[in-house]
Amino acid sequence: MLIIILLIKLISCQTDLYSSISTSTLINDKLIIYDPKDPTLNSAPSLTTYTIKDGSIQTLQNSTVRLAAINNSDYFQFLPLPKGYNGADNGSTDLWLTNSVSIDSLQASNSGVEDSSWIYKLSQPSSLSPSTNLPIPTPTFTNFPLGGYTQTLITTSSGQKLLILGGFLQTSNGTAIITNYLFQFDFSTSKWEDLSSLTNNMLPPIANHKALQLGDSLIVMFGKSPTLSSSATSFSPTISYLKANKTNDAKLMYKFNLINQSWQTVKINDNLNPNLYQRGSSMGQSISTYNNGLIIYTNMLNFNNNLWESYLGVFNNEFVKWEWFNIQNDQNFTGFRLDVFYADGMVIGDTLVIINGNTISGRVKQLMFVDLKQKKLANNLVLQSSSSSNLKLPVYAIVLITLALLAILVFCIWYYIKRKRTKKTIEANSDNLDPIWASNQESLHNSSKFDNNNNLEGTDTTLNSGNNMTNLPDYLRHEVDIDGISPISLDSNK
1 MLIIILLIKL
11 ISCQTDLYSS
21 ISTSTLINDK
31 LIIYDPKDPT
41 LNSAPSLTTY
51 TIKDGSIQTL
61 QNSTVRLAAI
71 NNSDYFQFLP
81 LPKGYNGADN
91 GSTDLWLTNS
101 VSIDSLQASN
111 SGVEDSSWIY
121 KLSQPSSLSP
131 STNLPIPTPT
141 FTNFPLGGYT
151 QTLITTSSGQ
161 KLLILGGFLQ
171 TSNGTAIITN
181 YLFQFDFSTS
191 KWEDLSSLTN
201 NMLPPIANHK
211 ALQLGDSLIV
221 MFGKSPTLSS
231 SATSFSPTIS
241 YLKANKTNDA
251 KLMYKFNLIN
261 QSWQTVKIND
271 NLNPNLYQRG
281 SSMGQSISTY
291 NNGLIIYTNM
301 LNFNNNLWES
311 YLGVFNNEFV
321 KWEWFNIQND
331 QNFTGFRLDV
341 FYADGMVIGD
351 TLVIINGNTI
361 SGRVKQLMFV
371 DLKQKKLANN
381 LVLQSSSSSN
391 LKLPVYAIVL
401 ITLALLAILV
411 FCIWYYIKRK
421 RTKKTIEANS
431 DNLDPIWASN
441 QESLHNSSKF
451 DNNNNLEGTD
461 TTLNSGNNMT
471 NLPDYLRHEV
481 DIDGISPISL
491 DSNK
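All letters in the sequence shown, in the order written, are residues 1 to 494 by full-length UniProt numbering.
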């Protein structure tokens, strides 16, 4: 019963936990983590930098600096920028974070987005402050979310774009609402665009969710939404936050096709034993892409023993279901907790790095490695991925290449056998004639030689019984020219 009470408590304070999620970015060999509530610094915000290299967690060099608190009710996300855009990943020490207002702060004040407060500049090592020289312009839409939204850098055939989806804002009378609004910033044109018409009656209001690009789709999962009937065909783009009473689980996915800009709702088989996990009670899942697929790290409550169990979930796209791998510390690694919620996750090589997080007993600051090839806990980080999605060819391409190579091999074998048989046939049918005039000295028969001086050596003829004749008749010295010679008849009667 105590575990159930703790679960209810976790769910009821979901937004508070969400606002304490760390945000991280990888620039070259530096993993940079912003923690809004560092437990090692009395819950003060901090910036921790790890130097990433092959090896164990203990060998990773790291440094932490304390940041001045801006507002403990607010939280930040690293602004994803294209490589080389305004210095991003290009040697610049400036990093940018977007400020999100928590739901508690929103309900307590009339907060709003202003030019100087939406994007903050993080000038290392310890300065986080608003800036007027922004990498992208601040949106001026009146329905732009104040918090609980996702910001996803996507790559399409027309260039790279930033998508802002969902979240909550405040009405003129102070009511906190959840939205399904969609906004896009095009880095090639440096312009914002309101795409909210594309989500109308297609996506319910959603906040504190997860969104990431997978192939040509934007995947949206988890978060809070209103409970909708199965027969609902339309719904409002906004709803009071107090009515957003549904915590989305791993059985529901929304896909936005980035090519034709259409939405699809996907029902997923959670593939769980309902007697043990009921509907898969979990929260604060970490979701990432790996090997052209989706993976999540989560903790689920086992209602049989009232214990939290850690799982790596791998999405099976063919059968639209999850495959689960229990993660246990069977090798007694030290320095981290498995039972974390609302942790940040990042795939580096073949390793899922779980960053910080919350537990039932409190917040933790940690790095934890999950080997994605072995599907188990690991102590070492391997940077070189053997299954990089950038290098792996699709299955149909591999099949076509294999068939082409096989056809070439068969043709080479056939050609070799045919040529060998043809050569044997020619040799068998040859009369082995020795040409006389082909070279300076050729064989006539046996050991007889005829050189270019027309000397016949070692040849017995009717003209001379000697074997060495040096004075040959004219008819052996010259070719007979038959041009202009009339045939002689041997018939005596003619």
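Rather than coming from a laboratory, the hints here were simulated on the basis of the structure.
For clarity, every value in this text was computed on a predicted model and none was experimentally measured.
The beta carbon of each residue, even a glycine, is placed where N, CA and C say it ideally should be.
The reader is advised that the hints may include incorrect statements.
Distance ranges between label pairs, derived from CB positions [said to hold, decoys possible]:
| no. | residue 1 | residue 2 | range |
| --- | --- | --- | --- |
| 1 | Asn-317 | Leu-26 | 21 to 27 Å |
| 2 | Phe-411 | Leu-198 | 50 to 56 Å |
| 3 | Leu-26 | Thr-247 | 27 to 33 Å |
| 4 | Glu-323 | Ala-404 | 43 to 49 Å |
| 5 | Thr-156 | Asn-316 | 41 to 47 Å |
For lysine-lysine, the following PhoX-like pairs were computed, each having C-alpha atoms within a straight-line distance of at most 25 Å [what the hints assert, rightly or not]:
| no. | residue 1 | residue 2 |
| --- | --- | --- |
| 6 | Lys-161 | Lys-53 |
| 7 | Lys-376 | Lys-424 |
| 8 | Lys-267 | Lys-255 |
| 9 | Lys-243 | Lys-255 |
| 10 | Lys-53 | Lys-30 |
| 11 | Lys-376 | Lys-418 |
| 12 | Lys-161 | Lys-121 |
| 13 | Lys-246 | Lys-321 |
| 14 | Lys-121 | Lys-210 |
| 15 | Lys-243 | Lys-30 |
| 16 | Lys-210 | Lys-161 |
| 17 | Lys-210 | Lys-246 |
| 18 | Lys-210 | Lys-251 |
| 19 | Lys-210 | Lys-83 |
| 20 | Lys-321 | Lys-210 |
| 21 | Lys-121 | Lys-251 |
| 22 | Lys-53 | Lys-83 |
| 23 | Lys-321 | Lys-243 |
| 24 | Lys-321 | Lys-365 |
| 25 | Lys-365 | Lys-210 |
| 26 | Lys-267 | Lys-246 |
| 27 | Lys-251 | Lys-267 |
| 28 | Lys-243 | Lys-210 |
| 29 | Lys-210 | Lys-53 |
| 30 | Lys-243 | Lys-191 |
| 31 | Lys-321 | Lys-267 |
| 32 | Lys-161 | Lys-243 |
**Request:** Please name the hints from earlier in the document that this structure breaks, with their numbers sorted from lowest to highest.
**Result:** Going through the list in order, the structure violates hints 4, 5, 6, 7, 11, 15, 21, 23, 24, 29, 30, 32 and respects the others.
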